[in-house]
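Visitor: Sequence:
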Amino acid sequence: MKSSIINSIKSLPPLPKTVIDMQRVCNDPNSSIHDLVKTVETDPMIVANLLKAANSPLYSFRREINNVSQAVSLFGMSMTRSIGLGNSVRKLLNVDMEPYGISSDRFAEISSLQAALMHSWYLKIDRAKADKLFLASFLQETGKIIIASDVIQEDLATNFKADITSAIDIASVERSYIQETTATVTAEIFNHWNFDREFVEMIQFSDSPKEAPEELQEFAMALHIVKTIVPINDPFGEHGIAYGLKKAEEAGYDIAKLQAAIDAILDKIRVV
Numbered sequence: 000m001k002s003s004i005i006n007s008i009k010s011l012p013p014l015p016k017t018v019i020d021m022q023r024v025c026n027d028p029n030s031s032i033h034d035l036v037k038t039v040e041t042d043p044m045i046v047a048n049l050l051k052a053a054n055s056p057l058y059s060f061r062r063e064i065n066n067v068s069q070a071v072s073l074f075g076m077s078m079t080r081s082i083g084l085g086n087s088v089r090k091l092l093n094v095d096m097e098p099y100g101i102s103s104d105r106f107a108e109i110s111s112l113q114a115a116l117m118h119s120w121y122l123k124i125d126r127a128k129a130d131k132l133f134l135a136s137f138l139q140e141t142g143k144i145i146i147a148s149d150v151i152q153e154d155l156a157t158n159f160k161a162d163i164t165s166a167i168d169i170a171s172v173e174r175s176y177i178q179e180t181t182a183t184v185t186a187e188i189f190n191h192w193n194f195d196r197e198f199v200e201m202i203q204f205s206d207s208p209k210e211a212p213e214e215l216q217e218f219a220m221a222l223h224i225v226k227t228i229v230p231i232n233d234p235f236g237e238h239g240i241a242y243g244l245k246k247a248e249e250a251g252y253d254i255a256k257l258q259a260a261i262d263a264i265l266d267k268i269r270v271v
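Residues 0 to 271 in numbering that gives the first Met the number 0 are what the sequence shown spells out, letter by letter.
A couple of the hints might just be wrong.
Taking lysine to any residue pairs in the SDA-like style, the calculated list, with each CA pair at most 20 Å apart, reads [what the hints assert, rightly or not]:
1. K51 / L112
2. K209 / D253
3. K245 / D262
4. K131 / K245
5. K123 / S59
6. K131 / P212
7. K128 / P208
For the record, the hints were derived by calculation from the structure and aren't laboratory data.
Could you build all of it, start to finish, from the sequences and the hints given here?
Guide: Here it is, written out as structure tokens:
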């Protein structure tokens, strides 16, 4: 891995205490939703982001959500952790996504779209896997923040942005500039923060799912399919949807379930 990328990752600050406490609560089989509510309530920024997500059309709750207890109860512990962690990570890394041609807010929206699509799709397949994949899909583009920073420092942002805008394969553009892709950089970030091997490796191999350890190939493939359908330069574009459905069919998925999830998300974002 490029030395400047390695140095950027090594210099990352630790995760905020609230995020670490959320991880601890969610990993403790004896913890309850009430324990997670108490933890979330200590961080006003996480509260604000959680309530914003709860009232987003992406999740279509039937009433306005105006307190943490309601939001955590509706999302569940795993999704609450994912939303809190994702927004905290982006704030911590000081997002500048100009080399990718989008704003930091749009970057956050696309991450949320990937996670929402994954959750809608995998709930039709396996609830336990859906919870794992929601967190990974919400965070799998994190490495783009480090890549963008590196491209800016190398004064390559203009050319990089032009190539990304027209790219069908974003990973190949990244590789041509920094010899790595978002998947490998993201994996190294969360390895630095001591996330478990399963989480790190499902992201690490999301550009090459067949190379993943056998027990993680399904997870890596699901992540790969979702970011194919919701790429950062053309989320839910016609080509991405067609290509993602083709990859899903080749991987043995029932594509009717994926198509239904795509349609459900598109219906929700069209009313925004």
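Visitor: Hint by hint, say whether it matches the structure.
Guide: For each hint, the structure was consulted:
1. Of the supplied pair hints, the one linking K51 and L112 holds, its CA atoms being roughly 14 Å apart against a limit of 20 Å.
2. For the hint pairing K209 with D253, the CA-to-CA distance comes to about 19 Å; that is within 20 Å, so the pair holds.
3. The hinted pair formed by K245 and D262 meets the criterion: a straight-line CA distance of about 16 Å does not exceed 20 Å.
4. Of the supplied pair hints, the one linking K131 and K245 is violated, its CA atoms being roughly 24 Å apart against a limit of 20 Å.
5. Restraint check: the Cα-Cα separation between K123 and S59 comes to about 17 Å, which is no more than 20 Å; the hinted pair holds.
6. For a cut-off of 20 Å, the pair hint linking K131 to P212 stands: about 17 Å separates their Cα positions.
7. Note on K128 and P208: the hinted pairing holds, with a Cα-Cα distance of about 16 Å set against a maximum of 20 Å.
This entry does not satisfy hint 4, going by the numbered hints stated previously; all others are met.
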